[in-house]
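**Student:** With chain A fixed as given, assemble chain B onto it according to the hints.
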Amino acid sequence: MPSKSTWAKPTTVAHDVGIQQEKQLKSNVKQELLGFVQANTTNSEAITMQTDLIEQEVLDSLLLMDLVLFVEQCWGVKLIGHDFSPSHFRTIEELAQLIERRWLQQSA
Amino acid sequence: MNRTIMKHEYCLAIRSLAQSTAASEPESNPWYGWQPQPRNEPTLAHRFVAICHQHAERTSVQDSRGERSYHWLYCQANRLAQHLLDHADFQTGAHIGICLPNSPEYVVAFFGVQLAGGVAVPLPPYQQGSRRLHQIHMTQLKLLIEEEKNSVAKPSAKRLIVRLNATKVPKECRQVRPMGQLAALLFTSGSSGDPKAVMLSHKNILANMQSIAKVLPLGSTDRTLANMPFAHALGNSVMQTHVLNGACLIFSSDLLFPTALLHALEKQHCTSLIAVPEVFDFLLRALGTDPLRCSHLRYMAVAGGRLDPVRAVQLARQISPADFFLMYGQTEATARLACLPSDQIETQADTIGQPIPGVDFSIRDPQGGEVKEGEVGTLYARGDNIMLGYWNDPQTNQRILTDGWLNTGDRAQKNRFGNYKICGRENGLVKIQGYRFHPNEIDLTLRSMLPDAEFVTVPYQDQGQTRLALFYRSNGRALEGLKIRQLCSRELPRHMLPQHYEAVDDWPVNSARKVDRTELVKRAQQVNLGQAYNRSA
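Protein chains in written order, with my numbering: chain A, 1 to 108; chain B, 1 to 537.
If we strip away everything but chain A, and leave its shape as in the complex, we get (with noise of 0.2 Å):
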């Protein structure tokens, strides 16, 4: 059967993460994410990690509130609050960094 999904499969999780792990970990965030918002925009080829998602009007309603349930089923992380703000979701990376940060606090 040629099951294929559009989803980037995530593939970390980890409870004691050293420092090579860690870095894994952050390379890995970035890169699903990415591919979790090419795979459900339409023009996926112009997304990088720096594209601006609120300018280029990447972002709606619709793929934030995917994207919020991917990243917390992805890695476990809940965002609350001022999570939700443009700052943090303005980019992948600067995703990426809320996420590896939530992470390390809710994981300590």
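The hints are simulated quantities; they were obtained by calculation from the structure and are not laboratory data. Do not rely on the hints blindly, as some may be mistaken.
What the hints assert, rightly or not - Partial selection, computed: residues in chain A whose CB lies under 8 Å from chain B:
#1 Glu55
#2 Val58
#3 Asp66
#4 Leu69
#5 Ile80
#6 His82
What the hints assert, rightly or not - Derived lysine to any residue pairs resembling SDA-like cross-links, with alpha carbons at most 25 Å apart:
#7 A:Lys78 x B:Gln525
#8 B:Lys431 x A:Leu63
#9 A:Lys78 x B:Gln318
#10 A:Lys78 x B:Arg311
#11 B:Lys267 x A:Pro86
#12 B:Lys431 x A:Gln73
#13 B:Lys483 x A:Asp60
#14 B:Lys149 x A:Ile54
#15 A:Lys78 x B:Val527
#16 A:Lys78 x B:Lys483
#17 A:Lys78 x B:Asp290
#18 A:Lys78 x B:Asp281
#19 B:Lys431 x A:Glu57
#20 A:Lys78 x B:Lys149
Keep in mind the model is a prediction, meaning the values are calculated, not measured. Even glycine gets a Cβ: it sits at the ideal position worked out from N, Cα and C.
**Tutor:** Showing chain B alone in chain A's frame:
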């Protein structure tokens, strides 16, 4: 006249569509039931003019360019109406498309069309491709009111720019007679997946507006955030109920983030927020467990879909002392049919409450007889807000409209408190972001583009949210997943875009030898769970 338009100016364009629709359009009127508007019954234009005079000094609309009064609104709508009446392609009862984002200009356009005696046909502004063209042809639009800066329009297109600036009192619009009952056409998805245009009369819209004003604490001192798209039944209803009661509509462009929404509510001294469940889901996430601090807020109301009862109760507590209302409705009933008042949320949040004043409900068995209390049956609704019918679709109208009763297509039961509970749908419709449609619509659209392939779209649940999975099978050349996704993005409105795409070699079949949709739903759900599982394993 050639000076450039400044950023803060209010401006519109009227585009003639005569050329694009003329070829395919017969001159006959396909609405077999055309009726003149009774002389003694008020129209939207009557009510609009009366409100504008009564509240002339009050703010009607507000956006980043400032506040504008009802006097301003009246002058601009009148100005636009004059332009329409002078237009060669306009005649009384003509269908006029309105393709504008939520803005003061939209309100001017809608009521300008009413003053001129036209029929307003709102089109979703961010939609492209064949869908828009289909809507234009289907409703035989003569003219389209759009943004002045619209880049889609070909340079050769006949466009008239209308500037909305002066507040000089215009001469009264000349009376337009005879005019029909029809005030607006709103697009919705039919129960079989083919898009339909709902015909709403002046009476429909005025009746629903008056009923809503009886259950919600709505008055001329209200200030509401107009964040639901006006081309959608709920957004349209928010616009009508506020303008026709002398209240203020606030437009803010950056409401994507719930934090921004909360900020805007407080900063703009909003007294109410009416939105679809998705907005409130998001709001709750942003609030966490904190109470909402919004000093002017009087109430919030959810409509256009089911809000999880637990969340409804939680939200009602967090926004207290402001009230929280649960509402139920559909485009075919202008907008809203039932309401659960704030004081019953704690115990009855799984119901839709009771019909609003002027609306009757009846739950019937398949033979058409009324069921006993507590039994589940098909929900029928009656009232002055029930549509005239679908545009140019007498067969469907005959099926779902009988003796003034509308078959809502929802299954419901009445509990011992007299409240109604929705128990599912009869026709496979799904609701995403307040849009009610049949997944089949996606299959039909793709099929028309790629006749060599088969498509089946099914809804599935992802963490309490309804999402769509598209399965496809090629009968000829292999299909590229990416191609299909791009096609979907181009041809479908955002709420119809599937989240999951999967190619199949053969369709799973059920005992009736039809495609087994239940199996497809299972598969979509499994893939999702599998992804979550992979990560936590």
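**Student:** Within 25 Å, alpha carbon to alpha carbon, are Lys78 of chain A and Lys149 of chain B?
**Tutor:** Not OK: Lys78 of chain A and Lys149 of chain B at ~41 Å, beyond 25 Å, violated.
**Student:** Under the criterion that the straight-line Cα-Cα distance not exceed 25 Å, is the pair Lys78 of chain A, Lys483 of chain B satisfied?
**Tutor:** It is violated: about 34 Å lies between the C-alpha atoms, which goes past 25 Å.
**Student:** Minimum Cβ distance from Leu69 of chain A to chain B below 8 Å?
**Tutor:** Cβ of Leu69 of chain A sits 5 Å from chain B, so the hint holds.
**Student:** For Lys78 of chain A and Val527 of chain B, compute the direct alpha-carbon distance and say whether it is at most 25 Å.
**Tutor:** Given pair Lys78 of chain A, Val527 of chain B holds - Cα atoms ~22 Å apart, limit 25 Å.
**Student:** Holds or violated: is the Cβ of His82 of chain A closer than 8 Å to a Cβ in chain B?
**Tutor:** 6 Å, holds
**Student:** Hinted pair, alpha-carbon criterion (25 Å max): Lys78 of chain A, Arg311 of chain B. Please report holds or violated.
**Tutor:** 17 Å, holds
**Student:** Does the nearest C-beta of chain B fall within a distance shorter than 8 Å of the C-beta of Val58 of chain A?
**Tutor:** This hint is violated: Val58 of chain A lies away from chain B, its Cβ roughly 11 Å from the closest one there, beyond 8 Å.
**Student:** Next pair to validate is Lys149 of chain B with Ile54 of chain A; report whether the Cα-Cα distance is within 25 Å.
**Tutor:** Cα-Cα ~21 Å, so holds.
**Student:** Between the alpha carbons of Lys431 of chain B and Leu63 of chain A, is the straight-line distance 25 Å or under?
**Tutor:** 16 Å, holds
**Student:** Using the nearest Cβ pair, does Asp66 of chain A come within less than 8 Å of chain B?
**Tutor:** The hint holds - Asp66 of chain A has a Cβ within 8 Å of chain B, the shortest such distance being about 7 Å.
**Student:** Can you confirm whether the C-alpha distance between Lys483 of chain B and Asp60 of chain A stays at or below 25 Å?
**Tutor:** Distance of about 22 Å is within 25 Å: holds.
**Student:** Between Lys78 of chain A and Gln318 of chain B, does the CA-CA distance stay at or below 25 Å?
**Tutor:** 20 Å, holds
Consistency with the previously given hints fails for numbers 1, 2, 16, 20, ordered from lowest to highest.
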